[in-house]
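Q: What follows is each chain in one-letter form.
Protein chains: 2
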Amino acid sequence: MHRVWNFNAGPSPMPLPVLEEIRDEFTDYRGTGMGIIEMSHRSGEFQALLAETKALLAELLGLTEGQEIVFIQGGGSMQFVMEAYNFLRTRAAYADTGVWAHKARDAAAFFGEAYDANSAKDRNYSYIPDTYDIRPGTDYLHITSNNTIYGTEYWTFPDVNVPVVCDMSSDILSRRVDCNQFAMIWAGIQKNLGAAGTALAIIKKEFLETARTDVPAFLQYRTFVEKDSAYNTPAVFCIYTLNKMLHWIKNMGGADAMEIRNKKKANLLYAVIDGSGGFYRGHAEPAHRSRMNVTFNLASPELEKDFIARAKENGFAGVGGHRLVGGCRVSLYNAVTPEAAEAMADFMKEYMRTRG
Amino acid sequence: MHRVWNFNAGPSPMPLPVLEEIRDEFTDYRGTGMGIIEMSHRSGEFQALLAETKALLAELLGLTEGQEIVFIQGGGSMQFVMEAYNFLRTRAAYADTGVWAHKARDAAAFFGEAYDANSAKDRNYSYIPDTYDIRPGTDYLHITSNNTIYGTEYWTFPDVNVPVVCDMSSDILSRRVDCNQFAMIWAGIQKNLGAAGTALAIIKKEFLETARTDVPAFLQYRTFVEKDSAYNTPAVFCIYTLNKMLHWIKNMGGADAMEIRNKKKANLLYAVIDGSGGFYRGHAEPAHRSRMNVTFNLASPELEKDFIARAKENGFAGVGGHRLVGGCRVSLYNAVTPEAAEAMADFMKEYMRTRG
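Residue numbers (the numbering used here), protein chains in the order written: chain A, 1 to 356; chain B, 1 to 356.
Next up, chain A with everything else stripped away, as it sits in the complex (with noise of 0.2 angstroms):
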């Protein structure tokens, strides 16, 4: 078997383990005579797996607050919609931290009055603005916790006073946050949880309970609620790699485990880049730096092809920057093992010795 480093942006790695574990089982999910992708939604052993996915999901994320939690296909894309379309009544706030902030406004504009709450857009979105201007009958405020293209990621969250809903599809249980503070959270799983064709959103109560009636129910978070995600047939696939996952990060310790295996991943790469001398320019500044993603140019772009071309052929994948914005850019989610890291970080140093 032939595994190369892989830093995707997302979809992304997996735990080896969690792979192989789905692998073994493949043609015969314990004992069941069958495959998890052959087994009906309904059956016992299905309905099981949800309950224990949103029990461990309620665990590793110390939820308290007894919030829903619901999954649904479609992606942070579809989330966008959602969101606005159940709770945009009169105006919605957007943190403009950048391409996520802009998709999300953007696709809730069609509902109502959407609007930008602040702004990182003066310094290229190298930064999280920690002020907010939030208009009288603000339904709600956006926020993106990690910014996939542009690198940043929040290490303080909005104090203000409406519901705050957090898009935190790149950054969820790779570090300890307090997630009770939060309207809604909701998350793609396939960076840090899983394989993609799933979201997961976790509303608390009291806010579902404002959610817009004159939806189309299929579009309404209240009918996944009531009908505990099986509305419809779920991503059967997708909820079981997630259950997977949360038990191997149950297994390795949970969010704080996470968080010191994310952080020491990220310190490697930010000090190459630190210690440069400048041939490696990280894009985000240092307060506001990802640990999921290192974004950063070299001094040219043939440079960075070369970076790219020359990572690839030493086996390292997808550390391109995004389409969008170009550079490069290292990936380290949770699955990303501290190894990797290290090779990434040595690769970093030998190439800068040949080039720089």
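In short, the hints are calculated from the structure, not lab data. Careful: at least some of the hints might be erroneous.
One copy or two, either will do: identical chains are not told apart, so a pair holds if it fits within one copy or between any two.
[As the list claims (entries may be wrong)] When the alpha-carbon atoms are kept at most 20 angstroms apart in a straight line, the in silico EDC-like pairs for lysine to aspartate or glutamate are as follows: (1) K204 - D133; (2) K227 - D106; (3) K312 - D346; (4) K349 - D133; (5) K121 - E259; (6) K349 - E304; (7) K205 - E226; (8) K227 - D28; (9) K312 - E45; (10) K121 - D96; (11) K264 - D159; (12) K263 - E65; (13) K121 - D106; (14) K103 - E226; (15) K305 - E350; (16) K205 - E65; (17) K227 - D214.
Once you have looked at the hints, place chain B on chain A.
A: Same frame as chain A, now just chain B:
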């Protein structure tokens, strides 16, 4: 490895060789050094897989009108919403063949007038009506080519003067159908074509041009066409299972071979029902019987319960009727082997011998 006779109504069995192929490359897809679920949806490998999957669909379905093919998460329920949201301007007609038709019509009613063009309710949905009351200004007629709950299937398709949208979720590629007669076909893949988590939609260009534009971008078919199903991260693994199933169908001989195979399986079970002297009572009228879902009753709910329990004890899974209607149901999608159908037929005869 333990394998049962699996007659689940969806999600449903996959051919063992397909499962084994997926399993064997689960940690290293084609020498890339990563599993398919760890791979970027923008990678060359996945883009090639996507293009091949579309080409296989066009070939196996015999598409000749240059139809657009897209993959959308959210299953049939998402399609019920999108179909009406995109195409219902004045009114839409629904052929009332049962529960799925009702779900489609009720979803459409949110967006405008959705009416029954006919109804099989008078004989408890045991047949497919062959007349259509199409009102002036009707934007499209929606039909459900196979009805999983009542066990009926279309053997002749409507000849009407409006575009026909066919929900082919439960019999796509199970037989030869002239797919060029439909303005749009869509199908969840989890019955005949792969793992739950994506639907496919096949749309004639001229029909697509009639789609509304005052719809959220993520809910427009146009968006999926323009972005080649990658407006956001698609359900990579599900599309991959679809690709594997299409290869398997092609290797087996395509739609014609599937039709022979599925006819043989269904005939085995209907012969037992018809020869049982009323011990088994088929729900569908013989001329409208589904090859995908053989639905029947026994003399009493108690006897049905016993039948289902004995079947389970003997290694036959998924033979209970849909939770909304009860009774018994044996689903015979593409992956179900003739041997499985034969074993089921034998079991039914043996059960009748001991209980009849």
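Q: Okay, which hints does this one fail, numbers in order?
A: 1, 4, 5, 8, 11, 12
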